[in-house]
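Engineer: Fit chains B and C to the given chain A structure using the hints.
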Amino acid sequence: MSTMDTPVRGRDRAARIALYAVLVAGLLVVVGPFVWMLLSSVKPEAEIRQVPPTWLPETVTLEHYRELFSRLNFPRYFGNSLVVAVLTTAGNLVFCSALGYALAKLRFPGRRVLFALVLGTLMVPGMVTFVPQFVLVSNMGLVNSYAGLVLPFLAGPFGVFLMRQYLLSIPDDIIEAARIDGAGEWRVFWSVVLPLCRPALATLGILTFLASWNNFLWPLVVATTEDRYTLPVALALYSVGQNRIDFGLMLAGAVVVVLPVVVVFLVLQRHFLRGIATTGLK
Amino acid sequence: MRRQRRLWLAAAAAVLALAGCGRDAGGGQDGARSVGDGKATGEITVWAMGTEGEKLAEFAKAFTTENPDAKVTVTAVPWDAAHQKIASAIAGKQTPDISMIGTTWMGEFAKTGAFDPTPLNFVDKSAFFSGAWDTTVVDGTSYGVPWYVETRLIYYRKDLAQRAGITAAPQTWDELKTFAKALKEKAGAQSGLYLQPGGTGSWQSFLPFAWSNGAELTAGKDFSIDTPEMTEALTYYQSFFAENLSVKNDLGLQGALEQSFISGKVGAFVSGPWHVGLLTEQGGPGFADKFAVAPMPRKKTATSFIGGSDLAVFKDAKNRDAAWKFIAWLSKPEVQVKWYQAVKDLPAVQKGWDDSTLKDDPFLATFGLQLKDAKSPPPMATWEQVASVIDGQVERVAKAGENPATAVKTMQQQASSVGTGG
Amino acid sequence: MTAAPATTAPSRPAATDRPHRTDGVTGRRRRRALTGWLFAAPFTVLFAVFMAVPVVASLAMSFTDLRSTDLRNPWSVDVVGLDNYVRLFSDALFRRAAVNTLVFVVVGVPLTIVAGLAAATALNSALVRFRAAFRVGFYLPVVTSIVAIAVVWRFLLDPEAGLVNNLLRVVGIDGPNWLGDSSLALPSITVMAAWRNFGFLMVIFLAGLQAVPADLYEAARIDGAGRWAQFRHVTLPMLRPTLLFGAVVTGIGYLQLFEEPFVMTRGGPLSSTLSVSYHIYNQFGFGNYGYAAAASYVLFVGIVALSALQFRLLRSSE
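Chains as they are written, first to last, in this note's numbering: chain A, 2 to 283; chain B, 1477 to 1898; chain C, 946 to 1263.
No wet-lab data here; the hints were simulated from the structure. Heads up, some of the hints might be wrong.
Each pair of labels, with its calculated beta carbon distance range [claimed, not checked]: (1) C:R976 with A:V95: 16 to 24 Å; (2) A:T55 with B:P1809: 41 to 49 Å; (3) C:H1178 with A:A184: 40 to 48 Å; (4) C:L1113 with A:A19: 20 to 28 Å; (5) B:T1756 with A:E68: 15 to 23 Å; (6) A:W187 with B:K1537: 56 to 64 Å.
Which bits of chain B does chain A cover? Going by a derived footprint, with three or more residues having C-beta under 8 Å, they are [said to hold, decoys possible]: (7) 1519-1533; (8) 1545-1554.
Small disclaimer: the values here were computed from a predicted structure and weren't measured. Positions of the beta carbon are idealized from the N, C-alpha and C atoms, including for glycine.
Bound-form chain A, shown alone:
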């Protein structure tokens, strides 16, 4: 990070203290709910519902987690979620970067229309296409298959937009130089362009993974038997009843769903943050 100014001691100490006070206060407000979620998932149901609420658990219990893991076939649902999220992410990385590259760096007839179409669907509210999409998938005989869960999400408009914008900022000279060296278009893409896109790919990868991992409605509707359910769908089975919500189970479920994502985020946050920062802008 760039240094803004050389510190002038006395005045800076006061400024620094003020700054920290504001930042720490902000951090508390922002991280609070997350911490509360973690802490409350080990409280008994009655304590979660207690008014006024407690911060630290008065009684620590793992009953919600135990119940969650004993009632649901965790490895199965976790595995389904993982397969779907990994396939969706991999597909998006390949297809979106290929089209993004073509849109940004190759001249071919129809590319403007194509880009406009892709951008246009990005702005269509998702609910409206849900039923037609399902009818389509069911006519193709893909209901209750991994293909039905993955295929509709392989071609995400967001990914194309992101990759195109990022590739526009890569100078043509690098690509041109590789071409002059005699590399074919595919070689250029694979061994020159893609390595340059690493931050953008990391961003796209994590965002796609996150979206796929949390997706609820589509897997619920496409999976007609429980052995194809993903984790969020399975979790919703037990925590929300017709007339009651089991907060303990719900919070424990939320922790279980969020934790893998947070871990991925923590590991990749350097790439991820830099990735978003450099790609979005054009």
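Structural biologist: Just chains B and C now, with coordinates in the frame of chain A:
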């Protein structure tokens, strides 16, 4: 962008040209086929929500013992999006053999023509509570069988009532008012009787009062909401808010209802059977002795709301006969009692209530009594939307002091523009 | 001026055909076209099948009276032309939802941008250590489950037991019922949305701040500019494209406001937090597919218009 829009319009025009035939006026006339004799065979696929979905597979083992050539495959569906899942399945023709259907969804899904009419020579209509059976009847044809029921009663704090000098539960509208006042003034409850001040589902709290006063939602195919009886019921409902006998916040939405009742801020409220378990669980040891339930108070009648779920067989079912056999098995009184023991679902079959498990429980006995005078809104394809109209006006009356007569007129007018979908 | 903060070289139009090319221009062009389509093909095929077809179908749907009861025979619906669109504008609830959504966007977008910018500026200051920890912390709400967020916020805003009102009580103020009062519910939701989303903008602004050349600040300091003056006359102008980008992205997202009112207020009290997306969701729930589709495309036009407006502003500043 402009070119893109033009493309879309062209494509849309093409699709519309294909589509331009218009719908035929028929529907609803199909007669029921009978069900073959003998034991059920083959795989029966069932969708069920929530706890029912979780427990049914294990429960059905008794059925497959009786019918060794049959296999029951249950898919549990989260309540959250069950409506969307069933609607999509109908659109994509990917329905199972049987699905559990919320009673208020029957009208909408039956109208799609996706359900198989109930074979009445196979299922005995008179075995069920009539209010429950009515939820399956759409345009004169029954499209399913009630599985379990629930109804609304008045929950109240016995200890607070005692402190307020009340010895008997309220039996009339006037007594209910006095009761709420006493709980507030003499026993320190902030809400003597908490009523849902609008918001999703508040029609379930309000309509029992309307029905008890002789009001009806529909007369034939038309809405008949705008009547003096309805206005009077809504005025009565409003008076609890106007006289500060109920807070105007939606305690249910804020998840605070149970705790408010346990702490004594709420002296009484209207709800269904699930609250017995919730309160006993959250109130801690001994709390079960501090509250009781009472039937809805009488005006012209003492009618409550009946809800629950039905079981329907789809027309596209691959194993129709076996599906109906499974449903018939689930409707046996002894099976209904066992099902109550497994998941606490109240039997929809009247004979089930003769069992001592239900008869001897003071809470349940009251629910059983109320079920004899309980009804549901007439099944219609547009019910969810009509319900939201009622919810909206109840909220205006409760929170914004809207004149009940005006609110009832608005309900009538908005509901009519929505129509019954028939 | 280059807009992108971390761009290594000035961006320029892609693969311009150079004028000096003379030989085999057509052959080369044809080959280029072929390569282009080869790269585009896999995505385009999937896109055409799984996105374009449903979009066209849903657009067609918006000109019919398709209801959920027609699901088994969707071809037998009646074509009603623009009827759904006309009805939308006489639908009092839809108008209410549109106003709520606009108010939310107009107040919420600047609020989120200011919060994100403040966080970014603070974290970019040389005075702060543990930046990574703060960065991750501020970003957490973006990945935390909305359900957990809703539960916590309902407790925070509870009129009696809530932390907010208890704090207010300390300074002698009797706090209102934040989510239960029809004039305060939308502002509360707005603040909550800003809280939830500012982390995303912070990250983008941080990157933008890092790209501001240090010598500009140096020059400003030599001219005697204080911290505030530096911020106003160096940081803000240099950051303008970044700010506008943030506005576009946030604007598109905020126009589709749904989750916050869905989990916090169910659109109430008295429809004061009903958003356009929520109204569409309700109409789908009621089974009015044609009507809901029409409402979706009105929202779509709104999003396109807002984006176009912001892109224009973005471009004119370059």
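Engineer: Evaluate each hint against the coordinates.
Structural biologist: Outcome of the hint check:
no. : hint                            : verdict
1   : C:R976 with A:V95: 16 to 24 Å   : holds, 23 Å
2   : A:T55 with B:P1809: 41 to 49 Å  : holds, 46 Å
3   : C:H1178 with A:A184: 40 to 48 Å : holds, 47 Å
4   : C:L1113 with A:A19: 20 to 28 Å  : holds, 24 Å
5   : B:T1756 with A:E68: 15 to 23 Å  : holds, 19 Å
6   : A:W187 with B:K1537: 56 to 64 Å : holds, 58 Å
7   : 1519-1533                       : holds (count 5)
8   : 1545-1554                       : holds (count 5)
Checked against the numbered hints listed earlier, the structure breaks none of them; every hint is satisfied.
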